[in-house]
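Student: Here the sequence shown stands for residues 99 to 201, where the numbers follow the working numbering.
Treat the hints with care, as some may be off.
[To be verified] Below, computed lysine-lysine pairings styled on DSS-like, alpha-carbon distance capped at 27 Å:
| id | residue 1 | residue 2 |
| --- | --- | --- |
| 1 | K124 | K165 |
| 2 | K153 | K177 |
| 3 | K168 | K141 |
| 4 | K165 | K141 |
| 5 | K168 | K124 |
| 6 | K168 | K153 |
| 7 | K183 | K153 |
| 8 | K152 | K168 |
| 9 | K153 | K124 |
| 10 | K177 | K165 |
| 11 | K152 | K124 |
| 12 | K183 | K124 |
| 13 | K183 | K168 |
| 14 | K177 | K141 |
| 15 | K177 | K124 |
| 16 | K141 | K153 |
| 17 | K183 | K152 |
| 18 | K183 | K165 |
[Claimed, not checked] DEER-style ranges, computed between Cβ atoms:
| id | residue 1 | residue 2 | range |
| --- | --- | --- | --- |
| 19 | K141 | E180 | 34 to 40 Å |
| 20 | E180 | G140 | 36 to 42 Å |
| 21 | Y119 | P139 | 15 to 21 Å |
| 22 | N138 | R181 | 30 to 36 Å |
| 23 | I167 | G140 | 27 to 33 Å |
| 24 | H163 | G129 | 30 to 36 Å |
| 25 | I164 | Y135 | 17 to 23 Å |
| 26 | G140 | L182 | 31 to 37 Å |
| 27 | C142 | E180 | 30 to 36 Å |
| 28 | K141 | R181 | 31 to 37 Å |
| 29 | L182 | P139 | 24 to 30 Å |
Simulated from the structure, these hints should not be mistaken for lab results. Virtual Cβ for every residue (Gly too), placed ideally from N, Cα, C.
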Amino acid sequence: ESSFVDTSGDQGNTEAQVLTYDDRGKLVHEGFTFSCYSRNPGKCLAFWRCSMYKKMHCTSALTTHIKSIKSIRGFHNHKPPERLKTFVPRVLDCPPRPHKEDY
99 ESSFVDTSGD QGNTEAQVLT YDDRGKLVHE GFTFSCYSRN PGKCLAFWRC SMYKKMHCTS
159 ALTTHIKSIK SIRGFHNHKP PERLKTFVPR VLDCPPRPHK EDY
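Assemble the whole structure, with the sequences as input and the hints as a guide.
Tutor: What follows is the structure in structure tokens.
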């Protein structure tokens with residue numbers, strides 16, 4: 099069974115996205131868990147792969163910017179975990195980038 103991940107993104111949607119995480123710090127989106135594999139602190143970006151990337155060769159991935167999902171790509175080739183405890187952490191805003199004159 100394969101699940102399609104919508105990459106269209108509703109640009110007119112103004113509802114705030116709430117990112118949730120499991121007890122191990124993995125991002126949870128639509129019942130699937132994602133592990134952070136790379137970050138770009140200067141742009142406040144985090145890059146996430148499906149937690150089953152290695153075990154199941156799952157290609158689903160997403161990118162977050164501060165508190166919102168910016169892009170979703172790929173397919174899940176497995177079912178989501180059956181038991182999943184999630185929570186919404188308190189997220190602080192990304193610090194402003196320093197100006198050259200501050201050095």
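Student: Now, for every hint given, state plainly whether the structure supports it.
Tutor: For each hint, the structure was consulted:
For the hint linking K124 to K165, the alpha-carbon distance of about 14 Å falls within 27 Å, and the restraint holds. Restraint check: the Cα-Cα separation between K153 and K177 comes to about 13 Å, which is no more than 27 Å; the hinted pair holds. Taken as a hint, the K168 and K141 pair is honoured in the structure, with Cα atoms around 12 Å apart against an allowance of 27 Å. Among the hinted pairs, K165 with K141 is consistent with the structure: their alpha-carbon atoms are about 13 Å apart, no more than 27 Å.
Between K168 and K124 the alpha-carbon distance is near 17 Å, which keeps this suggested pair within the 27 Å criterion. Proximity of K168 to K153 is assessed by CA-CA distance (about 25 Å); at most 27 Å being required, the pair is judged to hold. A C-alpha spacing of about 21 Å is found between K183 and K153, which places the hinted pair at or below 27 Å, so the restraint holds. Between K152 and K168, the direct Cα distance comes to roughly 23 Å. Compliance with the 27 Å bound is thereby established for this hinted pair.
Of the pairs offered as hints, the one joining K153 and K124 holds, with about 16 Å between alpha carbons and a cut-off of 27 Å not exceeded. The hinted pair formed by K177 and K165 meets the criterion: a straight-line CA distance of about 26 Å does not exceed 27 Å. A C-alpha spacing of about 15 Å is found between K152 and K124, which places the hinted pair at or below 27 Å, so the restraint holds. At most 27 Å may separate the alpha-carbon atoms for a hinted pair to count; K183 and K124 meet this at roughly 11 Å.
For the proposed pair K183 and K168, the alpha carbon gap of about 24 Å is at most 27 Å, so the pair holds. Taking the CA atoms of K177 and K141, the gap is about 32 Å. The hint is violated against a cut of 27 Å. Annotation: proposed proximity of K177 to K124 holds, straight-line Cα distance about 17 Å (limit 27 Å). For the proposed pair K141 and K153, the alpha carbon gap of about 30 Å is over 27 Å, so the pair is violated.
A distance of roughly 22 Å separates the Cα atoms of K183 and K152; the hinted pair therefore holds under the 27 Å criterion. Between K183 and K165 the alpha-carbon distance is near 20 Å, which keeps this suggested pair within the 27 Å criterion. For K141 and E180, the hinted distance range of 34 to 40 Å is satisfied, since their beta carbons lie about 36 Å from each other. Between E180 and G140 the beta carbons are some 38 Å apart, a value that agrees with the proposed interval 36 to 42 Å.
For the hinted restraint 15 to 21 Å between Y119 and P139, the CB-CB distance of approximately 19 Å keeps it satisfied. In this structure the supplied range 30 to 36 Å holds for N138 paired with R181, their Cβ-Cβ distance being about 33 Å. With their beta carbons about 19 Å apart, I167 and G140 fall outside the hinted range of 27 to 33 Å. About 22 Å separates the C-beta atoms of H163 and G129, a value inconsistent with the hinted range of 30 to 36 Å.
Separated by about 18 Å at the C-beta atoms, I164 and Y135 satisfy the suggested range of 17 to 23 Å. Taken as a hint, the range 31 to 37 Å holds for the pair G140 and L182, whose Cβ atoms sit roughly 32 Å apart. For the pair C142 and E180, the supplied restraint of 30 to 36 Å holds, since their beta-carbon distance comes to about 33 Å. Hint check: K141 to R181, Cβ distance near 35 Å, so the stated range 31 to 37 Å holds.
Checking the proposed 24 to 30 Å range against L182 and P139 shows it holds: the Cβ atoms sit about 28 Å from each other.
The structure fails hints 14, 16, 23 and 24 (numbered hints given earlier, in ascending order).
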